[in-house]
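Chains as they are written, first to last, in this note's numbering: chain A, 1 to 257; chain B, 1 to 341; chain C, 1 to 288; chain D, 1 to 236.
None of these hints come from the bench; they were simulated from the model.
Among the clues, some could well be false.
As the list claims (entries may be wrong) - Simulated DEER-style distance windows between Cβ atoms: (1) D:Lys75 to B:Leu290: 20 to 28 Å; (2) C:Phe81 to D:Lys75: 20 to 28 Å; (3) A:Leu88 to D:Glu8: 22 to 30 Å; (4) C:Pro259 to B:Leu292: 43 to 51 Å; (5) B:Arg151 to C:Ile77: 34 to 42 Å; (6) A:Arg110 to B:Val298: 56 to 64 Å; (7) D:Lys75 to C:Ile77: 22 to 30 Å; (8) C:Ala156 to A:Ala79: 47 to 55 Å; (9) C:Ile77 to B:Val298: 45 to 53 Å; (10) D:Ser67 to C:Gly216: 24 to 32 Å; (11) B:Arg171 to C:Gly216: 32 to 40 Å; (12) D:Ser67 to A:Arg110: 54 to 62 Å; (13) B:Arg151 to C:Arg109: 20 to 28 Å; (14) C:Leu8 to B:Leu103: 44 to 52 Å.
To be verified - When the alpha-carbon atoms are kept at most 16 Å apart in a straight line, the in silico EDC-like pairs for lysine to aspartate or glutamate are as follows: (15) D:Lys75 to C:Glu175; (16) A:Lys196 to A:Asp217; (17) D:Lys75 to C:Asp183; (18) A:Lys19 to D:Asp87; (19) D:Lys55 to C:Glu175; (20) D:Lys6 to D:Glu64; (21) D:Lys112 to D:Glu97.
No residue lacks a Cβ here, since even glycine has one placed at the ideal position from N, Cα and C.
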Amino acid sequence: MSTPLIQTRQLTISFGAHKAVNNVSIEIEKDIFTTIIGPNGAGKTTLFNLISGLLRPTGGQVLFKGTDITHLSPLQRVALGMGRSFQLTNVFPALTVQENVRLALQAQARIGYRIFADHRKFRQLNEKTGLLLEQVLLQEKKNFLAASLTHGEQRKLELAMVLALDPEVLLLDEPTAGMALEEVPAMFELLDRTKKVTDKTIVLIEHKMDLVTGLSDQVIVLVNGSVLAQGSPPEVAANPAVLAAYLGGGVLSEACA
Amino acid sequence: MKTPAVIKLVTAGAKDRKQFVAGSAVALIAAAFLLMLPGFAGHATISLFSRIFILAVFGMSYDILRGFTGVINLGHAVFFGSGTYLAGILFLRLDPTPGTLLLAVIVTVVYCSAAAFIMGKIAFRGGGVIACAMITLALGEIVRHLAETWRDVTMGADGLTFPIPYMFRDRLLFYYYALLFLILMVIVLRRFVLSPTGRVLLAIRENEQRAIFLGYNTTTYKMISLQVGGISAGLSGVMFALLTRFANTELLTIQQTLNALLVTIVGGTGTLYGAIVGTAFVQLIQHYLLTLRDVHPVFTRWLLFFGSIYILVVLYMPAGIVGAYRQLADLLSSRNKKKIA
Amino acid sequence: MDVFVMLLVNGLAEGALIFLMAAGLSVILGLMGIVNFSHGTMFLWGGYVSVWMYTKTGSFSLSLLLAMVVGFLMGLIFERFFIRPVYGKVTAQILITLGLMIVFTELVRVLWGPTPLAAVRPPHLAGTWVMGSIIISKYRVFLIVIGIVVALGIHALITRTRIGMIIRAGVQSPEMVQALGIDIRRYFSLVFAGGAALAAVGGALYVPLVGSVWSGMGISNQVLAFIVVVIGGMGSFIGSAVGSIFLGLTGALVAWYFPPAAGVVSVLLMALVLAFRPTGLFGLAVKS
Amino acid sequence: MKPVLKLENISSFIGPFHILQGVSLEVRPGEAVVVLGRNGAGKTTTLRSIMGLVKPAAGVLELEDQSLFGLPSHKIARLGLGYVPEDYGIFNLLSVEENLRLAAWRQDNATKERQEYILQLFPDLKAAYRRLASTLSGGQRQMLSIGRALLNENKVILIDEPSKGLAPIVVEKVCKALLEVKKNTNIILVEQNFNLACAVGDRFYILNDGRTVLDGGIASLAKDRELQKRYLGVVA
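When you get a sec, could you build the whole thing from the sequences and use the hints?
Next up, the structure:
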């Protein structure tokens with residue numbers, strides 16, 4: 001068996017008495033579309049923060065292609081090929097949509113230190129920017145300020161920025177959060193296409209499971225900081241423990257209902 | 001809440017053709033006016049304008065940091081003052097020749113580069129805007145303190161008077177040198193701002209964490225920004241030495257830094273040109289206030305007014321003159337569009 | 001040994017003075033997330049009004065009292081009219097307080113002239129105690145005592161009173177304090193003015209020590225207070241106390257053994273601390 | 001019946017972002033309403049707008065006959081609104097006792113009685129009375145936070161996802177507490193835990209993209225599997 005692209009070993013972080021992520025060991029294989037689901041507060045975003053380096057674990061390891069990256073900075077992890085999006089929209093608000101994406105492409109093209117070249121002269125980047133914006137259906141908004149976009153559009157912009165980095169693995173933190181429900185299918189279609197066209201490994205956090213069943217190869221259920229279940233979407237959906245976790249526990253329904 | 005129009009237009013760049021043409025026209029008219037100014041203005045006015053040109057560069061150097069990178073450096077005067085001191089000391093110790101001036105420029109660039117490196121290493125060690133402001137203030141004060149104590153070289157609080165190369169002594173000629181210096185620096189800094197590096201600085205100003213997650217080593221970029229800002233300030237300090245032929249520790253104080261800060265704020269931060277407009281505005285007002293000395297002695301304390309203007313601008317006109325102008329232009333153009341539609 | 005005792009007293013006295021400024025600065029930073037660049041101006045005004053009062057009345061305690069009142073009022077006015085409109089905007093706060101610093105430093109020059117004024121120690125605190133070869137200045141001991149009293153006072157205030165409770169809670173989340181029905185802004189004003197009053201008293205106590213008052217003394221002492229806050233960890237009260245003593249003692253030692261470095265030692269110390277602990281010795285997370 | 005709390009077409013911004021674009025809901029006397037919706041739909045911002053922690057830009061916001069629109073948070077709180085935020089809002093540097101004392105703005109007998117009642121309701125808090133709040137577990141924090149909101153005679157208590165990140169057994173405790181609270185006070189509950197929502201709530205509102213899109217009796221929601229699947233993230 002090949003080494004998994006991302007692996008965590010007994011990954012743990014506690015904030016005071018609270019263990020936000022508790023002893024999580026997961027493996028994410030290359031080219032596999034993994035979705036991490038779980039109720040709010042289960043530690044999904046914290047897990048992402050640990051994998052992408054925003055937080056340092058209190059215990060355990062994070063491995064990328066078999067190498068221990070637990071002590072690398074976020075910057076170094078990006079350089080290795082990890083791109084992530086954020087749950088709360090995290091763009092450059094007072095820059096245009098185009099500029100947002102262009103900055104990501106520029107990072108990937110490694111021309112940031114060209115002090116006296118005109119940034120507009122890099123035609124290729126501008127073309128690529130156009131292509132990416134087309135891909136995420138934002139072409140018409142390219143000269144708008146990022147701050148003026150709707151929530152859904154901002155999520156698309158985020159996705160374009162992560163794609164622009166051309167990372168080996170995309171860590172997407174609830175790309176549909178805050179979108180109008182009607183916009184969600186388009187977003188997932190976008191992800192589906194990305195998965196097929198670009199041949200990337202995608203790890204997705206999602207609160208709702210039914211939306212991603214068709215998309216995911218593997219589902220990991222996180223509850224109270226620990227892995228509750230793991231497997232193919234049908235397997236996980238059939239797991240009574242998962243249902244209970246989502247509904248709030250069987251005992252509760254008897255006690256309260 | 002609306003995003004200030006300043007930022008909008010700067011980032012949109014000059015790709016808007018109409019705006020570009022308008023901008024060029026303004027620049028041409030201004031250049032023509034400034035070129036002909038010595039024909040009808042007196043000596044005092046010419047000196048005042050030379051001063052404006054040089055201090056405008058100092059202001060722009062500050063805008064690179066504050067307006068484009070979002071860094072508040074309260075020790076920026078170190079670069080400017082050191083430029084003046086280095087030039088002065090060299091002119092005094094060696095012959096005041098163009099060769100010495102060249103040497104002074106080289107020494108200033110090297111010195112400012114090194115100082116920016118050290119300052120950045122300490123100030124950018126985490127902690128954000130607040131820590132950076134406090135630390136740079138402390139560093140600046142230390143340099144001032146050193147200059148005051150090191151009397152053998154700097155003459156301490158008495159100040160340093162020095163000769164300058166012959167070719168710069170003519171006020172009229174110097175006016176053109178200063179104008180040329182300003183134009184050159186505008187071209188260079190504008191290029192820098194529009195370069196890929198300059199764009200990254202904007203990204204840092206907007207959202208540093210996101211910039212890191214795009215793979216930019218933001219600390220390095222901030223260091224670059226400080227290098228460019230520091231060296232530009234140092235060069236304007238050298239020019240200032242040629243203008244005033246005198247250096248004192250005032251040039252190294254927080255007050256001097258605040259002068260640069262004020263002109264960028266009055267003119268409009270993150271616009272580069274705002275610093276020029278702001279410098280002109282502040283210098284003209286200062287000049288006018290000082291002529292009121294005879295009316296009432298309180299006008300000798302013109303800093304009182306300077307500080308008040310400063311507070312009022314921060315409270316009521318945060319986008320500055322250029323920003324307010326652009327907002328107005330924006331408003332008008334959007335109204336026109338609505339009419340058409 | 002006698003040199004050591006002397007340096008200890010000198011250092012602690014310096015530390016006590018710095019502490020009077022740094023404590024307010026630090027608590028304001030922790031509670032309100034504001035760096036008050038006009039803090040040194042309160043110190044300056046404290047110095048001037050106390051000298052003015054002392055020459056008028058000859059009463060040292062009256063002059064301290066006046067400094068405190070003036071500092072408190074200035075703090076109230078600054079907070080209400082200049083800080084409040086820019087709450088939450090870090091950059092604007094820095095700029096506004098810098099502006100206040102310029103105006104009020106200049107105002108001192110208008111009122112009392114640009115040249116330094118002489119200041120004297122009150123007779124009962126002037127002079128020295130001589131114990132064998134050890135000579136100790138009474139005034140320095142007085143400063144140390146004041147420093148300790150103020151530190152204990154603030155500590156008691158923070159741990160024992162309702163105001164202190166609100167401050168401790170507010171440092172974590174001013175918003176939640178407000179959502180519990182407490183007008184946190186009133187406490188902001190109070191803390192800001194209290195910090196200002198402490199700084200003003202610091203200025204009033206500093207002036208007799210150095211023998212004169214001049215318009216540049218605000219900024220130079222503010223720099224020391226900043227360094228203490230950076231070293232101690234921003235927003236930490238304990239950190240500001242420890243940092244002040246640390247800075248005072250090092251300053252005294254260096255001034256004695258290697259005077260040329262006296263001007264830079266504080267900054268070197270700061271650089272050194274930051275190199276190993278970027279958040280300072282007692283680092284708290286600072287807002288925004 | 002006249003509603004206790006009424007929101008009509010509330011619009012709120014966070015920075016430049018238009019988060020609430022028309023939220024309407026009302027709480028009638030004796031009622032607990034549940035606000036549901038996907039992550040990012042604007043549920044938390046709705047509660048924060050009621051409390052004045054986010055200043056609403058437009059709309060109607062009334063508590064009984066008093067408009068809350070534009071009032072500072074502390075005044076809103078004193079008019080009778082208790083707030084239990086998502087992250088509990090417990091002050092770590094204060095002891096449990098101090099956390100309670102801070103919230104009590106009157107030190108009268110009624111308050112003392114209520115405090116006794118709270119400690120009775122949450123024996124955990126009594127045991128940890130003198131301890132620093134930073135040592136409390138998530139569940140204990142939640143109880144302290146709810147207890148704190150009960151300390152004053154509040155007309156409505158706003159509770160944001162009380163089950164978030166808590167173990168099922170703790171959620172049950174919270175549920176029982178909420179049922180007890182409901183006897184005396186109106187509640188607005190933001191919740192993703194469906195069973196908890198059903199157990200406590202009388203009526204529900206669903207938010208989508210910053211707008212109220214649906215409301216109704218909780219019983220009808222409990223039957224409607226399709227609706228649950230669509231808005232609540234329940235695994236089908």
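Subject >> Those earlier numbered hints the structure runs against, lowest number first >> reply: Checked against the structure, the hints that fail are numbers 1, 9, 10, while the rest are satisfied.
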